[in-house]
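> The chain contents come next:
Number of protein chains: 2
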Amino acid sequence: MIPISDALNFLDRETIALPADEIKLEASVGRILAENVRADLDLPPFDRSQMDGFAVRVEDVRDAPVDLEIIGESVAGKGFGGEVNSGEAVRIMTGAPVPSGADSVQMVELTESDGDKVTIKNAAKPEQNIVPRAAEVKAGTVVLEKGEIITKNMIATLASFGYYKINVSKRPCVKILATGSEIVDISEKPAEDQIRNSNSWMIAEFAKKYADVEMLPIIRDDLESLKSAIREAASSCDCLIISGGVSVGDYDFTKPALRELGAEIFFEKVSLKPGKPTVFAKLGETLIFGLPGNPVSVAVTFYVFARTALLRMQGAKFPELNRGFAKLLHPIKSTKGRDALLPASFSTDSAGHLTIETLRFSGSSNFITFARAEGLVFVPAGVDLNAGEVAEIYFFD
Amino acid sequence: MIPISDALNFLDRETIALPADEIKLEASVGRILAENVRADLDLPPFDRSQMDGFAVRVEDVRDAPVDLEIIGESVAGKGFGGEVNSGEAVRIMTGAPVPSGADSVQMVELTESDGDKVTIKNAAKPEQNIVPRAAEVKAGTVVLEKGEIITKNMIATLASFGYYKINVSKRPCVKILATGSEIVDISEKPAEDQIRNSNSWMIAEFAKKYADVEMLPIIRDDLESLKSAIREAASSCDCLIISGGVSVGDYDFTKPALRELGAEIFFEKVSLKPGKPTVFAKLGETLIFGLPGNPVSVAVTFYVFARTALLRMQGAKFPELNRGFAKLLHPIKSTKGRDALLPASFSTDSAGHLTIETLRFSGSSNFITFARAEGLVFVPAGVDLNAGEVAEIYFFD
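The listed protein sequences derive, respectively, from chains A and B. Using our numbering, the first residue of the first sequence is number 16, and each one after it goes up by one. Using our numbering, the first residue of the second sequence is number 16, and each one after it goes up by one.
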């Protein structure tokens, strides 16, 4: 049995980086940047007015009220081409370029205009109501870094700098296989000793955020069928995720199948609850995860191990779940000899604490309460946690 | 100028519920349940063994060690059909049904078997290592409720109860329109007084989580063009989101166009920074949002208003952003006369507080820092907030 950190080191060591891929902006969210994103222009690209009003010269309006001659206008998309000289003003709109010669904008409310004349009623400070060129960013600046996961809040930045095509890492191809003679398709009504295949569907939904997924047919508890399914899958994908068959019972064939196929098994017992019998192996270049059969174990081990590997293959800077600290609302009993990562939901209290609600937990197969999970709480082996104590947590993404 | 809460009341009042729609499980994440989801079977469906071992009768093993006759086996997917009588045991695997007559499972490590005989070395307690039938859920129980947003952590539950097709609300059809003569397509290199169309791309990316989106061509600052674009769009979608043209400048045509088309305008000035000139109107049955032109204002007003309306149309129980409390790392200056909702990112500290990092904020157009935003922090009008103080926050989803 190896610690979680050792297991993650194996992932780190065995994961091969995928090549880059060019995709369109509209398909970019969730992908990992394979290039630094740079501003291709100054922002603002010109001295920009923040107000509707008049572009003026500060020295002209020092003894306001004064009358100036309106020599033109500057609107968004069409600046005033000429120069503002002494005694002159240019009508200007919010977002429009401040014309050459002017060094201040007086808001329209503090002016009065009539035909070609405007009365500037108040003096103006230099640069007033103006965002100077490049105040937000200078052309060439790196604004998003290689290895960052693209989020929807980054879209405005990518669009603004012309990234209608983006270099990201290729997504891994993931195949998903459930094994177990008791498992039937979700469209079937299970007999009394059968259950529906929730694992493949859950893994597929989790994995499709980071990968191109394909769900394979259910394999019965039969060594030869499992071997041939694994052999075929592993020859045609970057990562194979198997659920079930990883214990040491007479009908657990995942490890025997991997051994007989000559796969290299890196770990098969992790000091983790739920998820102790998680298997990580490699057949050729294909990563293989053998996750325990019950749905909550599948979810936890997917998020801790498989997700990390899928993001690492794409060169993600931070492939592991985001970590934090929060306050327990209820005590948690620890497990002897194994660290626990238990599904939890989070709230905040009026003192600004993040609080942890562990999910009513009747055995690790209770996927119904898992439906509301937002992350995991870490319970060190043998260390019971009290209500009110601060615990380490991991946020699902 | 109306308060944010009044603006949200207008949305509430004017939003019409969309009909239901049947979709496949693999397309369900992000959709809103139009039906209660019920367990269609007990879970577990039988008394389930939690261990590999032997199903026994407690009374038989009271004076362990005792020898019992092995009369068969129960494995996952194939239970033992018969009955366990006095002096008998059934070999059982993890996850398999406990046979009739047996009332306890002794783990294999505390037994020794040879051919048809097993020595049970230790006495067993009633129900030991057994999860009783229906312990997790009883058939008929509502496990997910109408109005909940389907998340990926709900997939195992939906799959387990045979929801390969699900009744959800129809997604609204949303059209997106940017207006402004300075705006060019993102694949173009803007001239000095132009900017790329980041707003439509951002709104599309935000909205596609809740709606079917279509991006319309950019409309120049011209009343007639805008009128005809709005008329056409509104006749063929549930919601039209316009960015730009909502101020009161000479080139702001959104409100004049809506008025000339006979749209009913419910509000056009909200006590919100950024986002004061947000417009909410209706033309026929189509909701129309006019969002301010700069990208951060677009993001904030989308999340606060448009997102709420899109979720409300689908009957979501909680259409507004999740609310919470967190501790400010830095002071925030308030705005006189207007509440502020400022983009922020969140972390936790070692005391379990959720902490607020307001984004370096050089005017509301700084979409580059917005790229890292995770939510909004509420700053009441005229009330400066100090570092260390607890503030109200809203989480992006």
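In case anyone wonders, no lab produced these hints; they're calculated from the structure. All C-beta atoms in this analysis are idealised placements derived from N, C-alpha and C, irrespective of residue type, glycine included. It cannot be assumed that every hint is accurate.
Stated by the list, open to error - Lysine to aspartate or glutamate pairs mimicking DMTMM-like chemistry, simulated, CA-CA at most 25 Å apart:
#1 B:Lys39 <-> A:Asp62
#2 B:Lys288 <-> A:Glu239
#3 A:Lys288 <-> B:Asp36
#4 B:Lys223 <-> A:Glu163
#5 B:Lys93 <-> A:Glu239
#6 B:Lys167 <-> A:Glu389
#7 A:Lys161 <-> B:Asp118
#8 A:Lys167 <-> B:Glu142
#9 A:Lys270 <-> B:Glu88
#10 A:Lys153 <-> A:Glu239
#11 A:Lys167 <-> A:Glu389
#12 B:Lys348 <-> B:Glu300
#13 B:Lys223 <-> B:Glu247
#14 A:Lys223 <-> B:Glu163
#15 B:Lys167 <-> A:Glu335
#16 B:Lys204 <-> A:Asp62
#17 A:Lys270 <-> A:Glu88
#18 A:Lys167 <-> B:Glu372
#19 B:Lys39 <-> A:Asp227
#20 A:Lys93 <-> A:Glu163
#21 B:Lys180 <-> B:Asp36
#22 B:Lys136 <-> B:Asp57
#23 A:Lys223 <-> B:Asp237
#24 B:Lys284 <-> B:Asp237
#25 B:Lys153 <-> B:Asp57
#26 A:Lys93 <-> A:Asp55
#27 A:Lys242 <-> A:Asp200
#28 A:Lys297 <-> A:Glu247
#29 A:Lys153 <-> B:Asp200
#30 A:Lys153 <-> B:Asp36
#31 A:Lys167 <-> B:Glu247
Claimed, not checked - Partner residues are not named here, just some residues of chain B that face chain A (Cβ under 10 Å, in silico):
#32 Gly162
#33 Glu163
#34 Ala219
#35 Val263
#36 Leu298
#37 Glu300
#38 Phe411
> Checking one constraint from the list: CA of Lys93 (chain B) to CA of Glu239 (chain A), max 25 Å. Satisfied?
Distance of about 19 Å is within 25 Å: holds.
> When the nearest CB of chain A is found for Glu163 (chain B), is that gap smaller than 10 Å?
9 Å, holds
> Keeping to a limit of 25 Å between CA atoms, is the pair of Lys93 (chain A) and Glu163 (chain A) held or broken?
36 Å, violated
> For the pair supplied as a hint, Lys242 (chain A) and Asp200 (chain A), is the alpha-carbon distance within the 25 Å limit?
Cα-Cα ~21 Å, so holds.
> Hint check: Lys284 (chain B) vs Asp237 (chain B), CA-CA at most 25 Å. Holds or violated?
22 Å, holds
> Hinted pair, alpha-carbon criterion (25 Å max): Lys270 (chain A), Glu88 (chain B). Please report holds or violated.
Given pair Lys270 (chain A), Glu88 (chain B) holds - Cα atoms ~22 Å apart, limit 25 Å.
> Checking one constraint from the list: CA of Lys167 (chain A) to CA of Glu389 (chain A), max 25 Å. Satisfied?
With Cα atoms ~20 Å apart, Lys167 (chain A) and Glu389 (chain A) stay inside 25 Å; holds.
> Against the 25 Å threshold, does the CA-CA distance of Lys223 (chain B) and Glu247 (chain B) hold or violate the hint?
21 Å, holds
> Take the shortest C-beta to C-beta distance between Glu300 (chain B) and chain A; is it under 10 Å?
With Cβ-Cβ at 28 Å, over 10 Å, it is violated.
> Does the alpha-carbon distance linking Lys180 (chain B) and Asp36 (chain B) stay inside the 25 Å limit?
10 Å, holds
> Does the structure keep Lys161 (chain A) and Asp118 (chain B) at a Cα separation of 25 Å or less?
59 Å, violated
> Holds or violated: is the Cβ of Ala219 (chain B) closer than 10 Å to a Cβ in chain A?
Status holds, d = 7 Å.
Comparing the model with each earlier hint shows violations of hints 1, 2, 3, 7, 8, 10, 12, 17, 20, 22, 23, 30, 31, 32, 36, 37; every other hint is respected.
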